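There are 2 protein chains.
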Amino acid sequence: MTLGKNTDILIVGLGLIGGSYADGLTKGGYKVRAITADKGDIDYAVGRGMITGGSDEVTADTVGTADIIIFALYPHIFVEWIEKYGHLIKPGAVITDVTGVKSAIVDKVQSILPDGVEFIAAHPMAGREVSGVKNASADIFRAANYIVVPTERNTDGAIEICKQLGHILGFKDISVLSPEEHDEMVAFLSQLTHCIAVTLMCCNQSEGLERYTGDSFRDLTRIARINDEMWSELFLLNRDKLLYEMEQFSQAFSQLRCYMIKGDREGIRQMMRTSAERRRLFDKID
Amino acid sequence: MTLGKNTDILIVGLGLIGGSYADGLTKGGYKVRAITADKGDIDYAVGRGMITGGSDEVTADTVGTADIIIFALYPHIFVEWIEKYGHLIKPGAVITDVTGVKSAIVDKVQSILPDGVEFIAAHPMAGREVSGVKNASADIFRAANYIVVPTERNTDGAIEICKQLGHILGFKDISVLSPEEHDEMVAFLSQLTHCIAVTLMCCNQSEGLERYTGDSFRDLTRIARINDEMWSELFLLNRDKLLYEMEQFSQAFSQLRCYMIKGDREGIRQMMRTSAERRRLFDKID
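Here the protein sequences line up with chains A and B, keeping their order. Per the numbering used here: the first sequence = residues 1 to 286. Per the numbering used here: the second sequence = residues 1001 to 1286.
Since the hints were made in silico from the structure, they are not lab data. Please read these numbers as outputs of a predicted model, since none were measured by experiment. Mixed in with the good hints there might be a few duds.
Unchecked claim - Cβ pair distances, simulated, as ranges:
(1) S1111/B to I261/A: 23 to 31 Å
(2) K1005/B to N135/A: 46 to 54 Å
(3) D43/A to M1230/B: 50 to 58 Å
(4) D1139/B to D43/A: 42 to 50 Å
(5) L88/A to Q1205/B: 40 to 48 Å
(6) H1167/B to G208/A: 16 to 24 Å
(7) G47/A to H1167/B: 45 to 53 Å
(8) E1160/B to K262/A: 38 to 46 Å
(9) D1139/B to N135/A: 27 to 35 Å
(10) T1274/B to E83/A: 28 to 36 Å
Stated by the list, open to error - Covered stretches of chain B, going by a simulated chain A footprint (3 or more residues, C-beta under 8 Å):
(11) 1123-1133
(12) 1170-1182
(13) 1187-1194
(14) 1211-1218
(15) 1275-1283
All C-beta atoms in this analysis are idealised placements derived from N, C-alpha and C, irrespective of residue type, glycine included.
Chain A extracted, bound-state conformation (with noise of 0.2 Å):
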């Protein structure tokens, strides 16, 4: 299987997510056509010449010609969808997902994939906090970053083809970390992240600050606005590795308490010190 300009290419799951990837596979050139629930979906995105059509059921024809699929579901209906229709995908077919776990589905997903079909998994790290085809643009991909993660079980081949996809819809930056590695880094530099704009905006009452608020408030709380049907999902999934991270941003936070009673103003300093060095490095690629 090569990625050229006649390659099959069938999304799953027509949202914010696979709509993005459909417009821009689309804009690249590529054939996509699409299953989702709702045939409005489907409607909406061939009206906007984002697919050449597709279907909101799943069916013999409908999946069995696809050479690439790419899977933009929630990761439990990603797992039910391969065990239900799995048998339906051709021997020789390259499947993709867009999952932001990847040790709880990985392996799964590729022990019960039917033989000769391979799943290279990837995570596109964009999103907004909007959802559905509606708000599905490309621009999304445009300065954000894409992760291959592969297994010992995947082929050179397939990871190339998952790595082609990634510039195709114009990443910035393509890397490949293990399921592994991968969950520890979104375990930190996501999920955590949710779990303290979350916790920001539960800790207090906020009504009416609005017109006093300065800039900082709205950056750290803009994820708060979660789909708490995913995210609930994504935490739990990769449950271990996000405990650790928080109990490792309670030791922190608490030794800046500490420094606070204490009134220890060159312990804060340091910290903040550390803080504004570290950030320095985020900052280049901004």
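Given the coordinates of chain A, work out where chain B should sit on it, guided by the hints.
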């Protein structure tokens, strides 16, 4: 005292905020002079047309003619300045400030000022991660909030002048809070968020993670490039209120950890729903 085009306005401390005041007031058609430690900053601001003139020395001449003086200094330097030079301010003058804490400052300054000089406190809720007059611009006030912080010693006239400054500078919302209310609000919305951002940078080695990160980590740590001298002072001047907010945050964070440990999906989702609902109020005026 009323504020008119001939009012002699003096800014003490020509950094990011003092410089941005100078920029906004000059663009509004007012005459602005400045006193600041570095003569180069005066020359720069004169060259840019941000001020008509100024000095790196505090003399009876430079201070004594001013009708309005705006202090844009670190809190303790502001108090020391008043102790040392307050007698140079002419009776009838109104002075204001930009300090991020109020209870620890306002009573003190009001009690040591000479008779006939009125101090009306204000807090422009705006800033940047860079400092100095060369980064100053009244643009930083455009979408920002401005808080006037009077005590029972203040006159309606001075409160009105202080609000007028906020209008001229182009703030979006102008509010009035007591020093106590102000410091509670700032402990939660501003100081706690800075504590969290600093903690997030300190709790884990993040070097090399730039190429994997999504936007959430960048958003939560934008303010982690912190000025340790200024913020450690602000934290300690508002210690009890900040410690209370840190405690509230810790409790809510522990609650979320507890749900995670127990695998209580519904508990997690309930916190997320509360979070999403409350955050919507802040979106309206984003």
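### Message
For a quick check of understanding: which of the numbered hints are violated here, in increasing order?
### Response
Violated hints: none; all satisfied.
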